[in-house]
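Novice: Listed below, chain by chain, are the residues.
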Amino acid sequence: MTDDKIRVGVDIGGTFTDVALDHPGGMATAKVLTNYAEPEQAILDGIVKAADRAGVALGDIHQVIHGTTLVTNALIERRGAKLAFITTEGFRDVVEMRSENRFEQYDLNLELPKPLVPRKDRFTVNERMSAEGDVLLALDPADVAAVVARVLAGGYDAVAVGFLHAYANPAHEQAVEAALRAAAPELSISISSVISPQMREFERFNTVIANAYVQPQVATYLDRLVARLGAEGVGAPVFMMHSGGGLISVETASREPVRLLESGPAGGAIFAADFAKAHGLDKVLSFDMGGTTAKICLIEDGTPKTANTFEVARTYRFKKGSGMPVSTPVVEMVEIGAGGGSIAHVDSMGQIRVGPQSAASEPGPACYQRGGEEPTVSDSNLILGRLDPDNFAGGAIPLSPALSEQALVTRICDATGLDPRDAAFGVTEMVDENMANAARVHTVENGRDIEAFTMIAFGGGAPLHACRLCEKLGIETLIIPPGAGVGSAIGFLKAPFSYEASKGIFQRLDQFDPDTVNAALTALEDEARAFVRAGAGDAETTTRLTAYMRYSGQGYEIPVVLPYRTFTAEDGDTIGAAFEAAYRRLFGRVIDGLAVEITNWSLVVASVLPDVASAGRHLTGLPIDTARERRFYDAALREMVTAAEVDREALTPGAVVHGPAVVVERNTSTIVTSAYTVTGQGDGSLLLQRKAAAMREVAA
Amino acid sequence: MTRAIDYQIMWNRLIAVVEEQATTLIRTAFSTSVREAGDLSAGLFDVRGRMMAQAVTGTPGHVNAMAESVTHFVREIGRQNIFEGDVFITNDPWLGTGHLHDITVVSPTFRDGRHIGFFACTAHVVDIGGRGFGPDGNEVFEEGLQIPIMKFAERGEVDRTLVAMIRANTREPDPVIGDIYSLAACNEAGDRRLQDMMGEFRIDDLEGLSDFIMETSRDATLKCIAALPDGDYSNDMQVDGYDVPVHMAVRLSVQGTALKADFAGTSGPSRFGVNVPMVYTRAYACYGLKCAVAPEVPNNTGSLEPFEITAPDGCILAARRPAPVSTRHVLGHLVPDVVLGALHKCLPKTVPAEGASALWNIQISARPTDPDSGLANREVLMFNSGGTGARPKTDGLSATAFPSGVSTMSVEATEHVGPIVVWRKDLREGSGGAGEFRGGLGQTIEIEPRRGYDFYFNAMFDRIRNPARGRNGGASGRAGSVALSDGTQLAGKGRQKVPNGSRLVLGLPGGGGYGAPQDRPRAHVRADLDAGYITEDQASTDYGLSGDETHD
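Going down the list, the protein sequences come from chains A and B. Following our numbering, the numbering of the first sequence begins with 1 at its first residue and continues without gaps. Following our numbering, the numbering of the second sequence begins with 1001 at its first residue and continues without gaps.
One chain only, chain A, in its complex shape (with noise of 0.2 Å):
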């Protein structure tokens, strides 16, 4: 990836599967629909379109890089391998109780999310393994010999195992495993030390049954690609976006398809967190918003946030806690139901409420002429001016300002007394609150204060309301990038190859044991580089060793970053002082006299990728002339105001366009409010800065 070989990233979304190929005349795009019976197809439209715009021909494509929902949507739509889930004794139905808790408190009729696996597919089997790893109850043959038959017998797909501490010893996981590949050799089997050894039992039998559930047809869909890709010339080698922000083979991803989850927002954090770096920005928050949800994600040092666990298939408006927990390296997101489609409505109490329901792209919002009758955002964004009802989809649909001030005064004002421009607003302004909240509340969670950062923007509505949301976060700096229709694809382009390899081991850190953790570190190095070594051959790599901490007693760890290196008994105080620092960090403080413990290593191994150019920042330059002019709604003034007008290539590198403006592309505008400018990029950027602040920055 250092030189100009061409590559291709792939990214399959719910609607649209989108192609970025780069070639050493730049990138060339494609957005082509989803074909759900044959994703395949698709992919290969979308990469020919691209190659024929390049001018490039299919075999000198040197990679391909793909990222798919696919595997979400399998969970969230229940369609899955016929799945056996055997597990110790007594622990029949950790997956079915759950944390025992209701995700919403007022609703009697609640209905918590069915397990993947049924009561009457889950086996158990007599055998234990202490906390610490030590075998309190042997496995006995027999015992394993009758369940071995048990799922024979019962013409299963797939089988998941996940035993009690397995994270801590394996050998029992491990032994049913030999028993069913030695009874059955075609059999899918996942267990949960191989497929996230973390302790919590909930999480990680979960993770390991989701594994299972998807593996045959991931599997299956891979090898039909592959066949399918070079069959039509294109005989490069394929690789996946894992949930990480990372690259693994398609081996790898066919046997562990749950670390594929969130490959398309992760590769949209990807491409936001490039961005960062050409800007030399080192705290940044992506935003991407879409027809129906809205992503927030931090990125710092040009890397984005990760976490070890994550929540998949809310089933409750996008509730925590109503969907599935997966343990596995994740690009940290917050998810807010909110997009262009979300429908608003009013409540009991007469209050606007927005989302999460979607009126999506059938029938869509009420402005489409397709027969929506719901006030959506869109239709809100269409009455205050923010869009051109001439010039929505570079002219494709046609939008009609009627059919949304009839939708809003039918399901808003005649229940508000409001006229339809205060409707809009209030439906605009509630949905940017949502957002600010959430965002907010993310950057509070991370110890963060969300001035300090500057927003990368991007998805078909963030242009729309990002500058809105800086307003409200007290963000000084927001940027735009080109290409933002089809970031994630970009995004895989720009991703290292990575795996982050875990353990939990639970030690005390007064009682730190270097021999045991060093033992296992080398394990979770090799583990990690074969990984690596599969795609990026002997490039060099960097490795990064995470500990989670916490106080003994606390029920949450905080990950620790720290040197990694062969520890001594001595390394027990100065990992202690990396957890303080670690704590006061997001804390504020750390506390005297409590224990300290680690439960949980993570390294991981990644290649190391080429600087990345600079982008050529303007922070200011000469205004331009701007003849067009429209009017739109600016919330914070509470007016109707009368902005410029200007299309998006006038804002040439040093360009300038005091708001209020809008700036118009093809496929969407961008809104720059009173109180920001907006100023052209080198690398077709839009720079939005608040005017104080811009001020301030061209004076220092």
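FYI, nobody ran anything at the bench for these hints, they're computed from the structure. Note that the coordinates shown come from a computational prediction; the quantities given were computed from them, not determined experimentally. Ideal placement from N, C-alpha and C gives every residue a C-beta, glycine not left out. Each hint should be verified, as a subset may be incorrect.
Pairwise CB distance ranges (calculated) [said to hold, decoys possible]:
(1) R1003/B / D573/A: 55 to 61 Å
(2) T1535/B / R589/A: 53 to 59 Å
(3) A1531/B / E232/A: 43 to 49 Å
BS3-like mimics (lysine-lysine), calculated; alpha carbons at most 27 Å apart, straight line [said to hold, decoys possible]:
(4) K320/A / K114/A
(5) K1393/B / K120/A
(6) K1393/B / K319/A
(7) K1260/B / K1345/B
(8) K1349/B / K114/A
(9) K320/A / K305/A
(10) K1349/B / K1260/B
(11) K114/A / K1393/B
(12) K1223/B / K1393/B
(13) K283/A / K691/A
(14) K49/A / K31/A
(15) K283/A / K305/A
(16) K1393/B / K1349/B
(17) K1260/B / K320/A
(18) K114/A / K82/A
Position chain B against the provided structure of chain A, taking the given hints into account.
Specialist: Below, chain B without anything else, positioned relative to chain A:
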């Protein structure tokens, strides 16, 4: 300026502000029940002491309780003594949230030197001295340190004497003092956001916004109450209590927009710590009613005031000082069942059947069998839930908390905390009450001390002699049980021992069924049998499934 819209936006923002306040507390607290189970609350009050917004946390028990507490602080401290930088504190069960383990911290907030309101929060601390968390005390004095309403800090200066007093009176001084600082810090976090918002919307006080919130919420709640048919509706329920059964009685009266619940006829006080201060009874009664009548309206003084809850002074649900109240949550959690039973007569096809309701919390004290072994004492706290009652159109939820909203902890994490082995924690087959809609299943838990240890546990379990009753022809859920693995039956309340080599076996109660079992579709009965939710015996006896029908 479009004020009505601005108020809506600010109200929405305030709810985010108090959620942020609560999040700050959850992340920094030491108490297991705060972090893992969400046993906390956080809210904003106007200068008059009206609660404007409260975070939705795991504990409805704190809702109304905290709403009342700020007015007590104002009265005790005196308005003339409220200064910028002050932090107030109490754990008074009658003025706070019902037992000494809950510490409430109130911080007045100022803008441009003018007092504009209060942030308040409550958390359950790890230890407050006395006998520890359990029902065996006979007076509140045995249950630990009492902190009357006073200043923890004045003008930013922490009261060192108070800190020393608290440190000396708890077994866990570092985490408890740490938690008090966390409480104060979370109020500060809330205040920063509030000040940002007031700057953004250019307001100098909270009065106009507070009036808007109160009026809107009260009107919406009154409208919901007005939709109920007028009349008096009574219900009663017997539960286990500590040593003698407790009778709970309620009469709901609905008259126009007035909704009253009175607990006349309820048993007198217990000699043990299962008594409930009125503030906690009111909180849970209100929660039960609100779930069924006005679930959408956010919690604030305006939405809570229309529910008028009373009980005869001195009864077990309105305990008088100095009654012991440590485990007031047990009867408190059962209050919604009584109230909803009465509401059912007024609002049919809405409320669920009775459930296990009271959490089966267990506080385990592991002690070395040989005191000279050098092994350390360890404390373990577990939260566990039985089944909820079946609903008018769906089955009950198995092993799920209601009315409490707390979470359980991972067994793997628990086994790292203390020297115990949890051999079993799975659904208790056949424990859901039969019905057209089946009650939620309880769970079975088996716990053994590790080598070298015995353990003691404080039992605070109910529905062992009085199972959750079904509704509209549904059967009762199975009662709870507490025993040793050799079959020895243990008591449902109080401190008991599990010796090395023996296992504690808990059977958590199931929820009641809804509707006649014969009306349950045969396919559902067969599916329940396949899954093992019901036994073959139940399939035939309770549901009338014939032997031929048991298999497809």
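Novice: Next pair to validate is K114/A with K1393/B; report whether the Cα-Cα distance is within 27 Å.
Specialist: Between K114/A and K1393/B the Cα gap is close to 17 Å, so the pair holds against 27 Å.
Novice: Holds or violated: 43 to 49 Å for the Cβ distance of A1531/B and E232/A?
Specialist: The hinted range 43 to 49 Å holds for A1531/B and E232/A, with Cβ atoms some 47 Å apart.
Novice: If you draw a straight line from the CA of K283/A to the CA of K691/A, is it 27 Å or shorter?
Specialist: holds, 20 Å
Novice: Straight-line Cα separation of K1260/B and K1345/B no greater than 27 Å?
Specialist: holds, 15 Å
Novice: Just to be careful, I want the Cα atoms of K320/A and K305/A compared with a cutoff of 27 Å; is the pair within it?
Specialist: holds, 19 Å
Novice: Check the hint pairing K1223/B with K1393/B against an upper bound of 27 Å on the C-alpha distance.
Specialist: Holds, at roughly 25 Å.
Novice: Against the range 55 to 61 Å, how does the distance between the Cβ atoms of R1003/B and D573/A compare: consistent or not?
Specialist: holds, 59 Å
Novice: For K1393/B and K120/A, compute the direct alpha-carbon distance and say whether it is at most 27 Å.
Specialist: holds, 24 Å
Novice: Lying within 53 to 59 Å: is that true of the beta-carbon distance T1535/B to R589/A?
Specialist: Since the Cβ atoms of T1535/B and R589/A sit about 55 Å apart, the hinted range of 53 to 59 Å holds.
Novice: Verify the proposed pairing of K1393/B with K319/A, using a straight-line Cα cut of 27 Å.
Specialist: Given pair K1393/B, K319/A holds - Cα atoms ~23 Å apart, limit 27 Å.
Novice: Are the Cα positions of K1260/B and K320/A separated by 27 Å at most?
Specialist: violated, 35 Å
Novice: For the pair we were handed, K114/A and K82/A, check the Cα-Cα distance against 27 Å.
Specialist: The hint holds at about 15 Å.
Of the numbered hints stated above, the single one contradicted by the structure is hint 17.
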